[in-house]
Amino acid sequence: MSARDAALARQSWSKVTDDAPSPAALAEFVAAAGRVADHSSLRPWRLIALRGDDRHALGAAIARAQGADEPSTKPLRAPLLVAVVASYRASEKVPRWEQEAVASGVAHLLSLLLDEAGWGVIWRTGGYTRSPEVAAVHGLGADEALLGWLYVGGKPERSSGRRKTLDPALVLSDLPGSSATGEDVASEHPGSTQRPSSKKPKKEPKKAKKKDPTARRAARIRKAEKKVAKLRKAERRLERLRREAAAGADAR
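Per the UniProt record's numbering, residue 1 is the first one in the sequence shown, and the count goes up by one each step.
Check the hints yourself; a few may be wrong.
Now the in silico label distances, taken between C-beta atoms and shown as ranges [said to hold, decoys possible]:
#1 ARG51 x SER14: 18 to 28 Å
#2 SER91 x ASP19: 15 to 25 Å
#3 ASP5 x GLY126: 31 to 41 Å
#4 HIS56 x SER14: 14 to 24 Å
#5 LEU172 x ASP143: 32 to 42 Å
#6 THR214 x PRO176: 33 to 43 Å
#7 ILE221 x PRO176: 29 to 39 Å
#8 ARG130 x ASP5: 13 to 23 Å
To be clear, the hints were calculated from the coordinates, so they are not data collected in a lab. Keep in mind the model is a prediction, meaning the values are calculated, not measured. Built from N, CA and C at the ideal position, the CB exists for glycine as well.
I would like the entire structure built from these sequences, with the hints used as guidance.
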């Protein structure tokens, strides 16, 4: 399956079975996800795997963050949770928002890799995601922030539904004032809302007609004859000027 096919087939699975990738298998997926674009190679991210009782600890932290009496059962919806953490690095070139984008990219690519391998994944967040209680249970540092969790499990036999294929014309456009027309996008997707360009297509340059050798020689002869005629005319004028100059000298 190509990367494009995997992306088109990806979907979020809100309900999963109790199966989950092993720690070794997850490590392989993480190694591949780490290939995302990363300005200055800062690696401003890390992941935390939560299994078994770790999920109960997270449920208790969520309850404390929300002021609830009972632990939250949300973390129990999947056998494996992968917490996505942005670990900000000191950098003059790469601002925090860009580092957070890298961490998000890792999460997206990891979810795609897991989905393509047959695992059900959904990225979950919540108002408590960046609460001090939830940060503490994950052991986050002062320069770290939680971006949510990938809930991972087996795919049930029943599909969770499928998104409609996106019409790229709804989100892809040219720069305002650009001379580009975007016709390629519109032509490949008939349902596009892209307006056709009002500019007339440029005319292709006319191809020079090939002349036969005899015609080319005749054309060169005519050109040479014109040059000779000009030279003779110039010589006659020069001779006339000389005679006039001589006659003037004799008169003096």
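A quick look at each hint next to the structure:
1. At roughly 19 Å, the beta-carbon separation of ARG51 and SER14 lies within the given 18 to 28 Å, and the hint holds.
2. The given range of 15 to 25 Å is broken by SER91 and ASP19, whose C-beta atoms sit roughly 40 Å from each other.
3. The hinted window of 31 to 41 Å between ASP5 and GLY126 holds, with their beta carbons roughly 32 Å apart.
4. At about 21 Å, the CB distance of HIS56 to SER14 agrees with the hint of 14 to 24 Å.
5. The beta-carbon spacing between LEU172 and ASP143, approximately 35 Å, falls within the hinted interval of 32 to 42 Å.
6. Between THR214 and PRO176 the beta carbons are some 57 Å apart, a value that contradicts the proposed interval 33 to 43 Å.
7. Hint check: ILE221 to PRO176, Cβ distance near 58 Å, so the stated range 29 to 39 Å is violated.
8. Taking 13 to 23 Å as the suggested C-beta distance range, the pair ARG130 and ASP5 does not conform, at roughly 35 Å.
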